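The lines below spell out each chain.
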Amino acid sequence: MRMSRAFGKRASVTGMAGLAILTVAGITACGDGTSAAGNSAGGTSGDVTISVYVGADTLDAQAQKDLFDKTLIPAFEKQNPGIKVKWSTYASSSEENTSLQTAVTTHQGPDVFEVGTTLVPTVFSTHAFHVLTNADWNAVGGKSKFFAPQLTMSGPSANKDVAIPEYMLPFALVYNKKLFKEAGIASPPTTWTEFVNDAKKLTDAGKDQWGTEIDPADSYDPWKINWGYTRQDGGDFLSHDLKTATLDSQPSVNALTFWFDWMTKYHIASPNDVTYKSTDAIKAFENGHVAMLVMQGPTLIPSLNQSAVKSDYAFAPLPTVPYGMSARPTGGVPAQTIVSGQDLAIPNYVTGAKYAAALKWIQFVTDPTQQKEFYDVYGYLPVNQSVYGQYKELQTPLIQSFVDAEKNASPTPFTGAWGNLEVVYAGVTNKIADEIATNSFQEGDIAQLLKVANTQVQASLQN
Amino acid sequence: MNHSEAVPDETIDLQVIQSVHRRRRMAHKRNRVPLWMLIPAVVLLVIVVVAPFLVSIYTSFTKLDQYTIANWTAAPFVGLKNYLSALHQGNALGASALQSVWVSVAFSVLTTLIITPIGIIAALLVHHPFRGRRWVRALFLLPYVMPVFVNAITWRLLFMNGWGVIDRVLAFLHIASKNTFWLIGPNSFWAMTIADVWSSWPFIYLMVLAGLQNIPGDLYESATIDGASRVRSFFSITLPMLRPILALALLLSTLNHFNNFTLPFMMFGTPPSPQADVLPLNVYVTSFQTFNFGLGAAMSMLTLILMMIPAFFYIRMLRLGEATS
Numbered sequence: 009m010r011m012s013r014a015f016g017k018r019a020s021v022t023g024m025a026g027l028a029i030l031t032v033a034g035i036t037a038c039g040d041g042t043s044a045a046g047n048s049a050g051g052t053s054g055d056v057t058i059s060v061y062v063g064a065d066t067l068d069a070q071a072q073k074d075l076f077d078k079t080l081i082p083a084f085e086k087q088n089p090g091i092k093v094k095w096s097t098y099a100s101s102s103e104e105n106t107s108l109q110t111a112v113t114t115h116q117g118p119d120v121f122e123v124g125t126t127l128v129p130t131v132f133s134t135h136a137f138h139v140l141t142n143a144d145w146n147a148v149g150g151k152s153k154f155f156a157p158q159l160t161m162s163g164p165s166a167n168k169d170v171a172i173p174e175y176m177l178p179f180a181l182v183y184n185k186k187l188f189k190e191a192g193i194a195s196p197p198t199t200w201t202e203f204v205n206d207a208k209k210l211t212d213a214g215k216d217q218w219g220t221e222i223d224p225a226d227s228y229d230p231w232k233i234n235w236g237y238t239r240q241d242g243g244d245f246l247s248h249d250l251k252t253a254t255l256d257s258q259p260s261v262n263a264l265t266f267w268f269d270w271m272t273k274y275h276i277a278s279p280n281d282v283t284y285k286s287t288d289a290i291k292a293f294e295n296g297h298v299a300m301l302v303m304q305g306p307t308l309i310p311s312l313n314q315s316a317v318k319s320d321y322a323f324a325p326l327p328t329v330p331y332g333m334s335a336r337p338t339g340g341v342p343a344q345t346i347v348s349g350q351d352l353a354i355p356n357y358v359t360g361a362k363y364a365a366a367l368k369w370i371q372f373v374t375d376p377t378q379q380k381e382f383y384d385v386y387g388y389l390p391v392n393q394s395v396y397g398q399y400k401e402l403q404t405p406l407i408q409s410f411v412d413a414e415k416n417a418s419p420t421p422f423t424g425a426w427g428n429l430e431v432v433y434a435g436v437t438n439k440i441a442d443e444i445a446t447n448s449f450q451e452g453d454i455a456q457l458l459k460v461a462n463t464q465v466q467a468s469l470q471n
Numbered sequence: 004m005n006h007s008e009a010v011p012d013e014t015i016d017l018q019v020i021q022s023v024h025r026r027r028r029m030a031h032k033r034n035r036v037p038l039w040m041l042i043p044a045v046v047l048l049v050i051v052v053v054a055p056f057l058v059s060i061y062t063s064f065t066k067l068d069q070y071t072i073a074n075w076t077a078a079p080f081v082g083l084k085n086y087l088s089a090l091h092q093g094n095a096l097g098a099s100a101l102q103s104v105w106v107s108v109a110f111s112v113l114t115t116l117i118i119t120p121i122g123i124i125a126a127l128l129v130h131h132p133f134r135g136r137r138w139v140r141a142l143f144l145l146p147y148v149m150p151v152f153v154n155a156i157t158w159r160l161l162f163m164n165g166w167g168v169i170d171r172v173l174a175f176l177h178i179a180s181k182n183t184f185w186l187i188g189p190n191s192f193w194a195m196t197i198a199d200v201w202s203s204w205p206f207i208y209l210m211v212l213a214g215l216q217n218i219p220g221d222l223y224e225s226a227t228i229d230g231a232s233r234v235r236s237f238f239s240i241t242l243p244m245l246r247p248i249l250a251l252a253l254l255l256s257t258l259n260h261f262n263n264f265t266l267p268f269m270m271f272g273t274p275p276s277p278q279a280d281v282l283p284l285n286v287y288v289t290s291f292q293t294f295n296f297g298l299g300a301a302m303s304m305l306t307l308i309l310m311m312i313p314a315f316f317y318i319r320m321l322r323l324g325e326a327t328s
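Chains as they are written, first to last, in my numbering: chain A, 9 to 471; chain B, 4 to 328.
Source of the hints: derived by calculation from the structure; they are not laboratory data. One should not assume that every hint holds.
Stated by the list, open to error - Partner residues are not named here, just some residues of chain A that face chain B (Cβ under 8 Å, in silico):
1) Val112
2) Thr114
3) His138
4) His275
5) Pro279
6) Val282
7) Asn416
8) Pro419
9) Thr446
Predicted model only: the values in this text are computed from it and were never measured. Even for Gly, the Cβ is constructed at its ideal location relative to N, Cα and C.
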């Protein structure tokens with residue numbers, strides 16, 4: 009009886025331990041989905057499977073699926089026998105962030121990350137991505153094949169690059185030609201003074217027609233627009249050595265004040281804009297309620313071509329002279345657009361044959377044929393310089409305006425705290441909009457809030 | 004007198020006691036097997052709940068951010084700094100953790116208070132058979148089965164100032180201006196509450212409907228014979244009989260609303276107005292958008308401590324244990 013009980017106890021303990029191990033093993037296996045699936049999908053032994061993680065095309069998901077499944081991946085796998093490619097997408101910048109954080113923490117996940125240019129400094133600051141050697145650059149076709157401004161966001165310096173440009177999305181001013189003609193305006197503005205004057209002519213509040221818009225509820229547009237204006241005014245959000253936050257500097261305060269003045273002082277933007285996100289502003293433009301949209305890139309084209317203004321829109325470079333000035337002040341730069349677009353980066357956990365395969369994929373998607381495919385499907389502008397000479401469709405005035413804007417693109421400060429700055433800045437614009445909506449906005453509030461924001465950003469800088 | 008008759012009462016009592024003890028021991032022995040079979044669930048709980056919880060406690064004392072995330076175990080220890088920052092009022096980003104706690108508490112309690120009578124009335128309406136009842140029942144479930152993000156986007160469009168349907172209707176009825184802002188400022192809290200009430204009242208309705216089906220019909224018959232009115236029957240029979248399930252529904256509803264993330268995230272974007280900056284959204288923005296994981300963890304810990312106090316009294320007050328058993 010005693011022996012039997014002891015045996016029973018041992019059996020129970022063994023059973024418990026076994027179950028525990030099986031459970032843990034099961035969970036571990038579940039957690040390692042990417043690599044397990046990746047290895048099994050290869051087919052023959054010796055095959056390498058890489059997984060690429062890209063932003064979802066929210067306008068036409070089927071077109072993106074067809075592009076990857078029917079065009080890109082079959083062509084790549086034919087060119088590179090032994091390499092298999094899987095792909096998945098993220099639907100928003102929030103998902104992009106979360107996936108990146110998970111991969112960096114767990115050291116597993118996608119083998120190639122598509123990341124926005126302004127997220128590259130954060131990617132670099134994690135120290136979890138491969139710093140590219142000369143051999144790596146050569147493997148993807150050499151630096152010379154890319155537009156030089158795009159390379160400025162690849163790393164903090166030429167020998168510390170972590171990201172390879174994939175395509176570019178320079179910003180510009182999109183305007184309604186029909187409304188311009190009706191208002192007797194011959195050409196788009198080149199200074200912010202002209203911009204305000206033109207917008208006044210274009211505004212007819214009774215018809216719910218506005219010269220321009222603001223979208224303070226958007227997470228990204230406000231800082232992009234106001235950082236560009238701040239640079240034109242000779243300022244920046246951070247000092248050149250990236251050690252001091254300067255969000256509370258006069259040019260920065262001027263920029264945000266000027267932006268909200270479009271609504272509160274010049275009345276060229278609808279009072280309803282205080283709750284607008286980027287998509288709301290675009291919709292208002294497409295419905296003919298807004299005459300000038302600021303900071304919109306070529307990705308807008310497919311949507312515009314299906315809208316009520318499909319034959320009335322045009323793009324122009326953004327003004328580069330601050331309001332009330334005839335020329336830029338000392339230190340001002342003609343920042344027409346941030347260096348914008350998508351880059352590709354490879355995490356440190358990708359090594360050996362997988363790393364080589366990942367570089368081959370990057371070389372493939374940045375080669376002319378594939379770059380043209382991206383343009384055809386998404387409207388993404390190629391970063392490969394040679395593409396523009398090879399295809400007539402890319403030699404139009406519209407494309408040229410974006411290429412010109414790209415030449416005057418200004419890189420945002422390369423700091424790991426830039427992501428924090430973006431979110432904090434969105435908090436400021438949201439709070440100001442909140443005050444305007446509730447009639448509690450007072451002069452000096454912008455400076456005060458930017459001062460608080462500056463303290464927060466300063467705390468996130470790595471000194 | 005035979006031998007058995009000679010056995011004293013004390014001996015019989017002892018035998019009975021021994022028999023009872025033996026049965027208890029056997030029952031206890033029988034119960035041992037199911038208990039150890041809980042081990043996989045316990046292991047899962049440890050991995051899914053306890054381990055991340057311990058990691059969160061550890062993280063809340065560190066400066067875990069984008070610079071240290073790749074090697075998070077080596078993140079610098081900062082003591083209580085994150086906790087102090089979490090309670091600090093007036094940052095530029097949004098509401099402080101403390102303010103967000105109150106927003107979440109107000110939101111969850113208010114929505115639960117509003118949806119409870121709606122759910123009860125709806126359940127009473129469709130409890131008794133009538134022609135087309137199943138269609139009405141299906142219709143009542145519509146808001147609940149609609150994905151939260153669809154609900155949020157729809158309400159965002161409805162609440163748009165100037166051209167949103169809500170503003171137009173209010174202006175038409177001369178109740179408010181066409182330019183009433185709902186997605187920003189203090190009204191954002193009410194917009195969020197209205198949207199949530201619309202989508203979540205069927206939860207109470209479902210729970211109450213299930214509870215109503217368990218009330219014996221003869222209770223009502225007796226009450227009718229005794230001359231009780233329908234109102235009296237409702238307050239003296241229906242509500243008391245619903246008490247256990249209603250208590251559970253209220254508790255679950257409050258907790259669900261407290262943890263609602265998707266609705267404000269989709270309706271307002273990030274960061275939202277401080278008045279609609281519910282705690283889950285605040286923690287998310289702090290942790291995952293600004294990469295300040297230490298501060299985010301500290302905010303979560305503070306919430307947990309604060310929520311444990313009312314939760315403890317709430318469960319005791321409603322005697323949830325009795326209700327569920």
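To see whether the hints hold, each was checked on the structure:
1. For A:Val112, the interface hint holds, since its Cβ comes within 8 Å of a Cβ in chain B; the closest pair sits about 5 Å apart.
2. Because the beta carbon of A:Thr114 sits about 10 Å from the nearest beta carbon in chain B, more than 8 Å, this interface hint is broken.
3. At about 13 Å, the closest approach between the beta carbon of A:His138 and any beta carbon in chain B exceeds 8 Å, and the interface hint on this residue is violated.
4. For A:His275, the interface hint is violated, the least distance from its beta-carbon to any beta-carbon of chain B being 14 Å, above 8 Å.
5. Using the Cβ-Cβ criterion of 8 Å, the hint placing A:Pro279 at the interface with chain B is satisfied: the shortest such distance is roughly 6 Å.
6. With 8 Å as the threshold, the beta carbon of A:Val282 comes within range of chain B, its nearest partner Cβ sitting at about 6 Å, so the hint holds.
7. The beta carbon of A:Asn416 comes no nearer than 30 Å to any beta carbon in chain B, farther than 8 Å, and the hint placing it at the interface is violated.
8. Hint status for A:Pro419 relative to chain B: violated, with the closest Cβ pair at about 19 Å, above 8 Å.
9. Because the smallest distance between the Cβ of A:Thr446 and any Cβ of chain B comes to about 4 Å, under 8 Å, the interface hint for this residue holds.
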